[in-house]
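From first to last, the protein sequence lines are chains A and B. Numbers 1 to 259, taken from the numbering used here, label the letters of the first sequence in order. Numbers 1001 to 1399, taken from the numbering used here, label the letters of the second sequence in order.
In short, the hints are calculated from the structure, not lab data. Just so you know, even glycine gets a beta-carbon here, dropped at the ideal spot from N, CA and C. Among the hints, a few may not be true.
[To be verified] Straight-line Cα separation of at most 25 Å, SDA-like style, residue types lysine to any residue; simulated pairs: (1) A:K213 with B:K1181; (2) B:K1099 with B:E1243; (3) A:K51 with B:I1260; (4) A:K171 with A:T156.
[Said to hold, decoys possible] Anything over 12 Å on all C-beta distances counts as not near chain A; from chain B, calculated: (5) K1070; (6) R1095; (7) K1099; (8) G1115; (9) V1120.
[Unchecked claim] Just some of the chain A residues that point at chain B, by a computed CB distance under 10 Å: (10) L95; (11) Y99; (12) P130; (13) T156; (14) G192; (15) N195.
Letter by letter, the chains look like this.
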Amino acid sequence: MKIVVCVKQVPSTNEVRLDPETNTIIRDGKQSVINPFDTYALEEGIKIKEKIQGEVIALSMGIPAAEKILRDAVSVGADRGMLLSDRSFAGADTLATAYTLSLGIRKISEVDLILCGKMAVDGDTAQIGPELAENLKIPHITNVSEIIEVSDNEITCRTITETGKRLVKTKTPVLLTVLKDINMPRLPSIDGVINSLDASVIVENAESLRANKSYIGLSGSPTQVVKTYIPERKNESIEIEGDSETKSEKINSVIKEVI
Amino acid sequence: MSGLIIDSDACRGCGICIKSCTYEALEMKDKKAKVNENCILCGMCIDSCPFDAIKIEKEKTNSIELDKYKDIWVFIEQNNGVIEAVSYELLSKARELSKERNCSVKAILLGENVGKDLDVLFAYGADKVYISEHEILKDNLEEVYLEFLDKVILDYKPEIFLFGATNFGRSIAPRIAARVKTGLTADCTILEIDEKSGLLNQTRPAFGGNLMAQIVCPEHRPQMATVRPGVMEAVKKETNAKEVINIDMPSIKEPSIKIIENIIEEKAESISDAEIIVSVGRGIGSQKNLALVEKLAELLGGKVGVSRPLVDIGWADQKNQIGQTGSIVAPKLLVTFGISGAIQHLAGISGAETIISINTDKDAAIFTVANYKVVGDCVEILKSMISKLEKKCEKEQAV
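Isolated chain A, as found in the complex (with noise of 0.2 Å):
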């Protein structure tokens, strides 16, 4: 089974600071790292290679720094990665961002799965998962919370609804979005690591996957952010003060009138 599972690379903190001197926003947390929800979806495609054989690769768009995340797939099991990167990608939205996506696992063809993870932590929309399947024209699944059952071309896994829970069957190829009560992603081992330092790392560019350029990055984003901002926040707040024994008798009385 060749299998495919999409990663991001985000920042290792989500912390926003407003600067009191400038009043400018100033975003910590620059190292980059490997989406959290993206390493559940990655742990399940290794364990699908373990159980019933096959390849996966790990796929990302990003930055040419984000080739480090894609080695960090290799070295928990990954078999390879493929980096989208091109200057002209920068900008994209949900839209073109699955639509490039789309690309690269065109170009690495005859793919039977596409794990994703429920929603990468810094934009948090899970919109990449369905986009990428309707690019894709095969079908998608998301909250998948366990795989039952998976062979070369069928699966069976579990899902979460607004009402309850659901066991579907599908043949591949599917898309499914995974959530994170599915599995725990193992650490690298140190072979694995060895083996992430070589390993191959496949860069493509818009030229190379023939991209529409009416389709990717800013031209192709639909929508577009106006501005961004730290909202203003009124404080009326009435401070309770004292030693940890007069703030509690204080507050227990605040408690007493409001209930």
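Following the hints, put chain B in place on chain A, whose structure we already have.
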């Protein structure tokens, strides 16, 4: 090609943009900011530049005939024949927007045997209800709904299309957006019509909720957005609207995903409706201290809520999570321990009547929404509150 443009005449080389960039995409060369290959055009530097020296230039793409698209459509989601509350919330929001846009609100309801009580859709804001009833629509299968809604968009050309950010909404809305090649904004907390452009301004928390982003979809239609349950308010009004239009089921090929078993669970006891909530975040320090929080909640007759970090590290169940990606709560009393207050968390508690917040950091964002601010050690205060409440209980029992 689109790209980031730095006006070297306007740039004073102050370096603020370099600090604002998370992707190390800006560097200083000859006392001027220069962009490198790491740039993802996120736009953070544009807002940071005090001299307006940075802009993003976007290449024009083929645009569609925008004025053919009109009205606000709301997807009415049913699960097992029961309409989701978020659909009513969206209808009321759509009614508000339709007044500004001077258009009408169309509700679309698909399912099996769902056409009995449509009055409620009109009461919450629909001017017209489009309905289709068929056995195959019962199960909310993406493959079926995709073909159906694709045809609806083609035939009726909605200017705006709103979906609830439920499990199904978050699955079907992006699928349709990709089919019709339009923009979709997830989990909006504010929707408004821009006075000048008439576009739908869609505001959502980004970067884990630490930042708000205002998004528009200027040249593609429909403008699509999802909104989480509980964010907008459902308002019932008297109305004369009663027009119902039946749409025929288009021919759809057999879906490839088969449901083997459908388990309907009792709605898990939700914290969304709780009157009293004691909530806890990372500042609680250790997992064993959660027992104290549970104890306090029990003494107050309330429920326990948690912030996202506790769910992420596995200390708490997601069903107890408060915030943009958890439950939206509106209790009479909310007591928070060790919650710093990321925007996404704050978005989930804006409906709380009285908030008492305890945190060691005097500058924690939670204090900007708290009615009572307590700077101090969570565990100490928890223990002390519990022992005082227990003593009081004992006294009352003794009497």
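Status of each hint after checking the structure:
1. A:K213 with B:K1181: Roughly 15 Å separates the two Cα atoms, so the pair holds.
2. B:K1099 with B:E1243: OK: K1099 of chain B and E1243 of chain B at ~19 Å, within 25 Å.
3. A:K51 with B:I1260: With a Cα-Cα distance of about 23 Å, the restraint between K51 of chain A and I1260 of chain B holds, given a limit of 25 Å.
4. A:K171 with A:T156: holds (9 Å)
5. K1070: holds (18 Å)
6. R1095: holds (24 Å)
7. K1099: Holds, because the least Cβ-Cβ distance between K1099 of chain B and chain A comes to about 22 Å, which exceeds 12 Å.
8. G1115: holds (20 Å)
9. V1120: Since the minimum Cβ distance to chain A is about 19 Å, V1120 of chain B lies beyond 12 Å and the statement holds.
10. L95: holds (6 Å)
11. Y99: holds (8 Å)
12. P130: holds (4 Å)
13. T156: Constraint on T156 of chain A satisfied, holds at 7 Å.
14. G192: violated (24 Å)
15. N195: violated (27 Å)
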